[in-house]
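I would like the entire structure built from these sequences, with the hints used as guidance.
As they're listed, the protein sequences go chains F and L.
When we follow our numbering, the leftmost residue of the first sequence carries the number 1, and every step to the right adds one.
When we follow our numbering, the leftmost residue of the second sequence carries the number 329, and every step to the right adds one.
To be clear, the hints were calculated from the coordinates, so they are not data collected in a lab.
Certain hints may be false.
Claimed, not checked - Below, simulated SDA-like cross-link-like pairs (lysine to any residue); rule was C-alpha separation at most 20 Å, straight line:
| # | chain 1 | residue 1 | chain 2 | residue 2 |
| --- | --- | --- | --- | --- |
| 1 | L | 532 | L | 401 |
| 2 | L | 389 | L | 484 |
| 3 | F | 318 | L | 577 |
| 4 | F | 189 | L | 578 |
Unchecked claim - Sample of chain L residues lacking proximity to chain F, with all beta carbon distances greater than 12 Å (derived):
| # | residue |
| --- | --- |
| 5 | 396 |
| 6 | 424 |
| 7 | 483 |
| 8 | 522 |
| 9 | 530 |
| 10 | 532 |
| 11 | 540 |
Here the structure is a predicted model, which means the values were calculated and not measured.
Built from N, CA and C at the ideal position, the CB exists for glycine as well.
As a plain string of letters, each chain reads:
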Amino acid sequence: MQGTLVFATTEGGALARNALEVLAGGKRLKALLGEPVGAALLGTDLAAHVPLLFAYGADHVYRAEHPLLERYQGDAHAIALHQVCQRAQPNVILLPGDSTGRELGPRLAHRLKAGFVADFIDFDLDPASGRLRFTRQTYGGKALSVVVPNVGPVVATVKVRALDPAAKEEGRSGEETMVDVALDASQLKTRLLERVQEEVTGVKLDDAKIVVSGGRGLRGPEGFKVLEELAQVLKGAVGASRAATDAGWVPPSWQVGQTGKSVSPELYLAFGISGATQHVAGMSGAKHIVAVNTDPEAPIYKVAQLGVVADWKAVATKLIEQCRELTR
Amino acid sequence: MPLNIIVCIKQIIDPEIPASQFKIDPSTKRQVQGSHSLVISVYDQNAIEVAIQLKERHGGKVTAISVGAATAVTALKSALSMGADEAVLVSDPAMVASDQQGIAHVLAKAIQKVGGGELILTGCVSGDWGDRAVPAFVAEELGIGCVSFVSRVEAKDGQVVLRRVVEDGYELIEAKTPVLASIISDETNTPRYPKLKDIMAAGKKTIPVWKAADLGLAPERIGAGAARVAIADVYVPVKESKCEMIEGDTPEEQAAKLAARLRELKLI
Ligand SMILES: Cc1cc2nc3c(=O)[nH]c(=O)nc-3n(C[C@H](O)[C@H](O)[C@H](O)COP(=O)(O)OP(=O)(O)OC[C@H]3O[C@@H](n4cnc5c(N)ncnc54)[C@H](O)[C@@H]3O)c2cc1C
Ligand SMILES: Nc1ncnc2c1ncn2[C@@H]1O[C@H](COP(=O)(O)O)[C@@H](O)[C@H]1O
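The following block contains the structure:
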């Protein structure tokens, strides 16, 4: 095969939203280059996902089933995905820019002697050379860079929430290849002991339509209780800046930004967050941004559409009351 | 069991300067330093902290390695003042135009030259380029295990248990040594402030500077010629912004207006 191979991850027994975003990237490449989209499916009990992958735009599914692939384990997945690539021979390999793809992507690139592009937000063909070029954020979101592969193939991760998920087309079908991966436990240098999932009450931050975020301006973990109440009233999720997660006020999984999550809600409410570019890198995809900060010069007002210069707590508390009334 | 720990650190221009003071030199496609200070890339400081805490618990040695310009000596001295025992700078104009895979190759060679270690630590992402790729490339170069986005490390009898932060919680991963871990910040690894006497002592230490030839680097593995990706452009995007400020005599009044405005926009 030529063309693109997308790494299709699953989550809770379904194709992950991040995988659908990566598939959207594959479909765009197909439109640009006219080459087919393959999907690599790794794990156990995967048959049900195959027709879905066709419906979401895959022309060819490479399915690799192995007990060691049941959950993500770096070594096992790097070995298996490498073998799938050797079989499929793609020019471009796309992975999601999440904790899985960001680890697997560079490892795979190294094994394939491929170029690597991290977390692109866009791509096109250079009109002069006809070569593919990727745009990505750099310097913590302060600049954009254009990266061009010098060699083929190229492995790239797609920044989470940079592309809209692929749309489903009923009735599409494609070709399926089973790949027998040669893999045994003695090859694994690391072993997953346990996966500790945090309890989420209410909406997941990753998919929330409304995100209520807090930063250093909250001055302690208690402030987040107020934001949790607001999030509950709005049926949203709570996020945080790195200042708040590093202080241990809230778990690391709440962090929004370059090192944390990328979110693209309809509404993002930032309380006591200054608006450092590294934070903005994770939320600039929000449709509407509201900033509440005591400092009228805070950079957050450069990205917000609505601003309130005031104490966060007074605003949040009143907002809870108002929203309760409005939604009654 | 004492641990030999190697920490890879990168010196960068302070990444937390305001966006308004950030400039790219269009000819070099790099950030203009201006009057901004050079620092150890933020998560590399957390990696040093993790290394020193492990040394305090288990004994052993911490070696800091940096690939960069001659100025990176000051970053390595800061690492020494925090508690690292040794430091090495790899600096050669031949490496300047390398891509991240080229830099990782150099780092791997330097790690081998200092004798390797049970644990290789890096930051999870650099504050300037930010590929999150160098750690995995180094592990692949060395043929060792790789665990990314680790906030805590526990060591016992030739094994380490790493806490890997993922989207919905964390994983506990057991690894045989040697293993590479890229470090993410949490409340247990806030970098310490060095004591004045340690800063003085670090100032007196000499830091060896190695060139490509000292590492026996093949010219075809470093520099622009070896790069698998090229940087065609780096620029600051122009963003127009218009923020509607919600005024009022009290925060409560502002909040009420905000709620009404959000309602009007059908957002709540
Ligand atoms: C490589 C790298 C990666 C990073 N990744 C991330 C990331 O993923 N996510 C992230 O968030 N950051 C990240 N950062 C850190 C980032 O640069 C900032 O340091 C961080 O976002 C600051 O958090 P903050 O806005 O909460 O704190 P501060 O910058 O300290 O801002 C606090 C704000 O609260 C306001 N305030 C104070 N009191 C009140 C009050 N009573 N009411 C209302 N407002 C008040 C202040 O005016 C101020 O604007 C990263 C940095 C680097 C170098
Ligand atoms: N030139 C360098 N010298 C030493 N370590 C580096 C260098 N470049 C990257 N690293 C390490 O790799 C990590 C991730 O870098 P990056 O892949 O650029 O995001 C950094 O936090 C450092 O620990």
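_Tell me the hint numbers this structure goes against, listed in increasing order._
4
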